[in-house]
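Student: Chains V and R, in that order, give the protein sequences.
Quick note: the first sequence, position 205, residue 205 per our numbering, numbers continuous.
Quick note: the second sequence, position 26, residue 26 per our numbering, numbers continuous.
By construction, these hints were calculated from the structure, which means they are not laboratory data.
Cβ atoms here follow ideal geometry from the backbone N, Cα and C, with glycine treated the same way.
Incorrect hints may have been included.
Stated by the list, open to error - Quick list of the computed label-pair ranges, beta carbon to beta carbon:
id: 1; chain 1: V; residue 1: P9; chain 2: R; residue 2: R3; range: 28 to 38 Å
id: 2; chain 1: R; residue 1: R43; chain 2: V; residue 2: E134; range: 48 to 58 Å
id: 3; chain 1: R; residue 1: L16; chain 2: V; residue 2: R136; range: 27 to 37 Å
id: 4; chain 1: R; residue 1: D59; chain 2: V; residue 2: L202; range: 53 to 63 Å
id: 5; chain 1: R; residue 1: F33; chain 2: V; residue 2: A76; range: 25 to 35 Å
id: 6; chain 1: V; residue 1: D154; chain 2: R; residue 2: A23; range: 25 to 35 Å
id: 7; chain 1: V; residue 1: R155; chain 2: R; residue 2: L16; range: 12 to 22 Å
id: 8; chain 1: R; residue 1: R7; chain 2: V; residue 2: N95; range: 20 to 30 Å
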Amino acid sequence: MKVGIVRFPGSNRDREALHAVQDAGHDASLIWHRSTDLEGADLLILPGGFSYGDYLRPGAIARFSPVMQAVTKHAAAGRPVLGICNGFQILCEANLLPGQLVRNASLAFVSKMVSVRVESDATPFTAGYRVGQELRLPVAHGDGRYVADDPTLDRLERDGRVVFRYVPQSPNGAMHDIAGITNEGHNVVGLMPHPECAVDALTGSADGAAMFAPAALAAAL
Amino acid sequence: MTRFKGRVRVMPRAGLLDPQGTAVAHALGALGFAQVGDVRVGRTLEVLIEANSEPEVRDRLRDMCDRLLANPVTEDYTIDTVEAVT
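Isolated chain R (complex conformation) (with noise of 0.2 Å):
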């Protein structure tokens, strides 16, 4: 078994009013950058894990989003990556 760290990124899924990324780049617009146009504010979660491959965590990180960490009515998830920790 090998320890790993797999980094979930879950994300308000495009087309969804995403309240906070729209106050975000209100405020981004007051400290004069004006040419930040869409912002959208998701959330990353880092999962240490151990495992014999990198695909079997991938596999288990997708277990762990459909159940848990995204919920699939609103929200996309990304697995970032997944590397071998010591």
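Only chain V is shown next, with the shape it has when bound in the complex (with noise of 0.2 Å):
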């Protein structure tokens, strides 16, 4: 499997992001932003980082970047997107994702390792998980607390579309706990935590692997 990792400027963990695919065992490229070419890539991952410094809102304007065209091209046609940190920012403003993620409710930029219960395996990038499971995963943002309308949430939550739910309580005052969800054709997904940054156990914890692992993520294709 081919996995493209695309770059904006301000992007960060891209490098860890494409360690992770490879070590995966999959092929993996880094795709500049203003590339509309996505050079025959299964699967995308957007990573994290602060992408155009986080002018305006995180996201609002990497949203508009050349390769979101494409990006969103690969989303309809019901193939792989992940979207970590940053990536699922820019997923919820450039609508493949919905709701938003605003300002810590403490306002402090937090950087821990948190626990998130797995609320679906029903996605590409959680098929090698079971139901209930939680995983050890570190988070390191200032805006990750996910806010979406009444309406919306019951959806997410009737559909089965939150995806990562932090446990025991979030670390930044999202609704309802949400670290995590998917579009409605459960191929997008979107998540706060850095699931490449928890890969080998020397780093204090390896439960983002199975995320990356090509069995599941064949599967999916």
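Two chains, two separate frames, one set of hints: put the complex together.
Tutor: And the structure:
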């Protein structure tokens, strides 16, 4: 499988994402945000960071990068897209996922290990987990509080589209303790924690590795 | 074509937790402004734009707000003023 990791000005942990997918045995390449060609990628990752300095709102300007038209087309075709942290924010701003990520309730930047519960295994990125499984993953964000209106939250809960939930509670004040969600087609997933930084026990947790495991991802294509 | 300056105010939606506003309210209380109740923090944008008329400027500003300047999930916007500038 070929994985494309989209790089925006201000992206970070993009190389961690590259290593995570390469360690899982995939071909992977970095795609510059000005490119309109996804270079044949089967699967896309929008990494974390502070694209365009988070000016205006996190992800608000990155969503108009030239590459985003191709990303939107890829998602509309039902192909997998994973947005991590800033990538999640960009997917929300691009309306590929509902809701928005706003300033943490504490106003503090949180950088620590958290626990999330897998709420859905019906996405390409969670097929390697079982529902109810708890993962230790790092978070590092200032704008991670997930908000959406009540009808949207009801729909996400009812349709099993909450993919990850913080336990015992969110570090940022997220509604319904939401850490990650998926779209209607279940092919686009966004989450605030960093699975790409939890693929080796040496760094404190390897719980993120299954998100990039080839078998699960291949089954999704 | 005339040059206009439009002033747009973007505020967090009423009812949505605004931690920045709460922090500022607490700080004002600590400074002795005991009468302060709720504070909300938003942003103002000034946009210079060429157009034929003020209604045209307002239309364009609304379009800008809908597409970029405000997020409809969490923010409301108001076009405060549009004035010709020389």
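Student: Does each hint hold? Answer for all of them.
Tutor: Hints, one by one, checked against the model:
1. V:P9 with R:R3: 28 to 38 Å: 31 Å, holds
2. R:R43 with V:E134: 48 to 58 Å: 39 Å, violated
3. R:L16 with V:R136: 27 to 37 Å: Given a distance of about 31 Å, which is inside 27 to 37 Å, the answer is holds.
4. R:D59 with V:L202: 53 to 63 Å: Holds: the Cβ-Cβ distance is about 57 Å, inside 53 to 63 Å.
5. R:F33 with V:A76: 25 to 35 Å: 52 Å, violated
6. V:D154 with R:A23: 25 to 35 Å: Holds, since D154 of chain V and A23 of chain R (Cβ atoms, about 31 Å apart) stay within the stated range.
7. V:R155 with R:L16: 12 to 22 Å: 19 Å, holds
8. R:R7 with V:N95: 20 to 30 Å: Holds - the Cβ-Cβ distance for R7 of chain R and N95 of chain V, about 27 Å, lies within 20 to 30 Å.
Of the hints listed earlier, those the structure fails to meet are numbers 2 and 5, in rising order.
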